[in-house]
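Trainee: Sequential numbering of the sequence shown, starting at 1, is according to the UniProt record's numbering.
Everything labelled a hint here was simulated from the structure, so no lab data went into it.
Incorrect hints may appear among the rest.
Below, computed lysine-lysine pairings styled on BS3-like, alpha-carbon distance capped at 25 angstroms [what the hints assert, rightly or not]:
| # | residue 1 | residue 2 |
| --- | --- | --- |
| 1 | K128 | K240 |
| 2 | K240 | K254 |
| 3 | K169 | K191 |
| 4 | K92 | K276 |
| 5 | K210 | K276 |
| 6 | K92 | K182 |
| 7 | K167 | K210 |
| 8 | K167 | K182 |
| 9 | K128 | K182 |
| 10 | K209 | K169 |
| 11 | K209 | K175 |
| 12 | K215 | K182 |
| 13 | K92 | K175 |
| 14 | K92 | K191 |
| 15 | K128 | K215 |
| 16 | K210 | K175 |
| 17 | K191 | K276 |
| 18 | K167 | K128 |
| 19 | K191 | K210 |
| 20 | K215 | K240 |
| 21 | K169 | K210 |
| 22 | K92 | K210 |
| 23 | K182 | K169 |
Restraint ranges, calculated between C-beta atoms of paired labels, are given here [claimed, not checked]:
| # | residue 1 | residue 2 | range |
| --- | --- | --- | --- |
| 24 | T286 | T221 | 54 to 64 angstroms |
| 25 | E85 | E166 | 25 to 35 angstroms |
| 26 | N142 | Q294 | 41 to 51 angstroms |
| 27 | A65 | S132 | 28 to 38 angstroms |
| 28 | T221 | T165 | 56 to 66 angstroms |
The model shown is predicted, which means the values in this text are computed figures rather than measured ones.
From the three backbone atoms N, C-alpha and C, an ideal C-beta is built for every residue, glycine too.
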Amino acid sequence: MLSSGTKPAGLPGTSTALPAQASQISTVQDLIQNSEYLIRSLTSPDLFGDERDGIVAKLNQLLSACGVGNGYYKGDQQPISYTAENPFYQFKAIGYSRRSDYCDSDGIIALTLGINYEQLSRATQRQKFIDSMNLILGNNTNVRAHIELIRPLPDNQTEVLLYVTEKGKGRSSSKELCAFLKQPTQDIQLKSQLCVVNILPRTIVDDAKKHAFIKNPPAGTRFDSQIWQQAVRENPDPDKLLPYPIRGFEQLRKRQELQAAEIRLEERIVEELNQKLMQINSKLITGQNQCSYQRQRHKELSHRLLRCLAMQSLLQQYTISIDSAEEKLETRLEALNASLVAPDQIKLC
1 MLSSGTKPAG LPGTSTALPA QASQISTVQD LIQNSEYLIR SLTSPDLFGD ERDGIVAKLN
61 QLLSACGVGN GYYKGDQQPI SYTAENPFYQ FKAIGYSRRS DYCDSDGIIA LTLGINYEQL
121 SRATQRQKFI DSMNLILGNN TNVRAHIELI RPLPDNQTEV LLYVTEKGKG RSSSKELCAF
181 LKQPTQDIQL KSQLCVVNIL PRTIVDDAKK HAFIKNPPAG TRFDSQIWQQ AVRENPDPDK
241 LLPYPIRGFE QLRKRQELQA AEIRLEERIV EELNQKLMQI NSKLITGQNQ CSYQRQRHKE
301 LSHRLLRCLA MQSLLQQYTI SIDSAEEKLE TRLEALNASL VAPDQIKLC
């Protein structure tokens, strides 16, 4: 029998723990050794034994700050490679990204499509997209997809914000809709029919996650905590913006392309609004002209109606016999005329 303090080789906890521990120790040792080589290449390279080593050190410092090239520190050793991940890399900054205004109950999800924006710019193309989405959702007449916004992205990609409504229940939540579309069957249909490359729920970051995010620099970015906290303090709009780390020209170029695409989208929307405004103004002028014509026509018809009524009244007088009131009036007028022509009355010449 085995004692309680021993374990044979191969039992769980023996053969797996030791290699993992050894691997961890090896990784830490490699990190320490690489850091030592990096520091030596930047401060005290040993290549020529004279003032030229100082020039090489300055060149290595420049290369490490740019994150390119290799740094030589000893003649019989391999050079160390400088990448954007080294702690002395200087081409990094912090920008700000806008927080989403959508809640989970709004049901907004973002689909990234591997197609150009022009393929979804017309109403007919968007209707085909909606029809395809309805088929993927099960072709249920009570469940319908709706487009919230379409915006262009760099690298000939397009982002579509959409939500789904169910008759009698309203909108589906973002998380539920995203989980449904990520199922194997729906995922294959989205990729094959609509060229979808990514699906994300578009929801607002709650305060707890926000404070956890801004407390320390994101893992793996190697940003100085003081610089990160300075960016947090200098946030121009803390309620709507979040700091975002940028490393290297590639990330900066991508953000510039995103901003340029957003500007083009806004210009396109403004152009569409101007066209709609011109159409509305044209319809307004047409309506005003039609209103003026109808007003003039109404006036002409009113005059015609008055003439018809006057003519009808005259014709009615000719066709109706004299009544008793008119006979009395005639008698009084004849008496008045007789008194005026009497011999003793004043004659009017």
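Trainee: Now look at each hint and say whether the structure bears it out.
Mentor: Going down the list of hints, with the structure as the test:
no.: 1; hint: K128 - K240; verdict: violated (35 angstroms)
no.: 2; hint: K240 - K254; verdict: holds (21 angstroms)
no.: 3; hint: K169 - K191; verdict: violated (28 angstroms)
no.: 4; hint: K92 - K276; verdict: violated (44 angstroms)
no.: 5; hint: K210 - K276; verdict: violated (40 angstroms)
no.: 6; hint: K92 - K182; verdict: violated (35 angstroms)
no.: 7; hint: K167 - K210; verdict: violated (35 angstroms)
no.: 8; hint: K167 - K182; verdict: holds (23 angstroms)
no.: 9; hint: K128 - K182; verdict: holds (21 angstroms)
no.: 10; hint: K209 - K169; verdict: violated (29 angstroms)
no.: 11; hint: K209 - K175; verdict: holds (17 angstroms)
no.: 12; hint: K215 - K182; verdict: violated (32 angstroms)
no.: 13; hint: K92 - K175; verdict: violated (34 angstroms)
no.: 14; hint: K92 - K191; verdict: violated (35 angstroms)
no.: 15; hint: K128 - K215; verdict: violated (45 angstroms)
no.: 16; hint: K210 - K175; verdict: holds (19 angstroms)
no.: 17; hint: K191 - K276; verdict: violated (35 angstroms)
no.: 18; hint: K167 - K128; verdict: holds (21 angstroms)
no.: 19; hint: K191 - K210; verdict: violated (32 angstroms)
no.: 20; hint: K215 - K240; verdict: holds (17 angstroms)
no.: 21; hint: K169 - K210; verdict: violated (31 angstroms)
no.: 22; hint: K92 - K210; verdict: holds (22 angstroms)
no.: 23; hint: K182 - K169; verdict: holds (22 angstroms)
no.: 24; hint: T286 - T221: 54 to 64 angstroms; verdict: holds (60 angstroms)
no.: 25; hint: E85 - E166: 25 to 35 angstroms; verdict: violated (47 angstroms)
no.: 26; hint: N142 - Q294: 41 to 51 angstroms; verdict: holds (46 angstroms)
no.: 27; hint: A65 - S132: 28 to 38 angstroms; verdict: violated (50 angstroms)
no.: 28; hint: T221 - T165: 56 to 66 angstroms; verdict: violated (40 angstroms)
Hints 1, 3, 4, 5, 6, 7, 10, 12, 13, 14, 15, 17, 19, 21, 25, 27, 28 from the earlier list are contradicted by this structure; the remaining hints agree with it.
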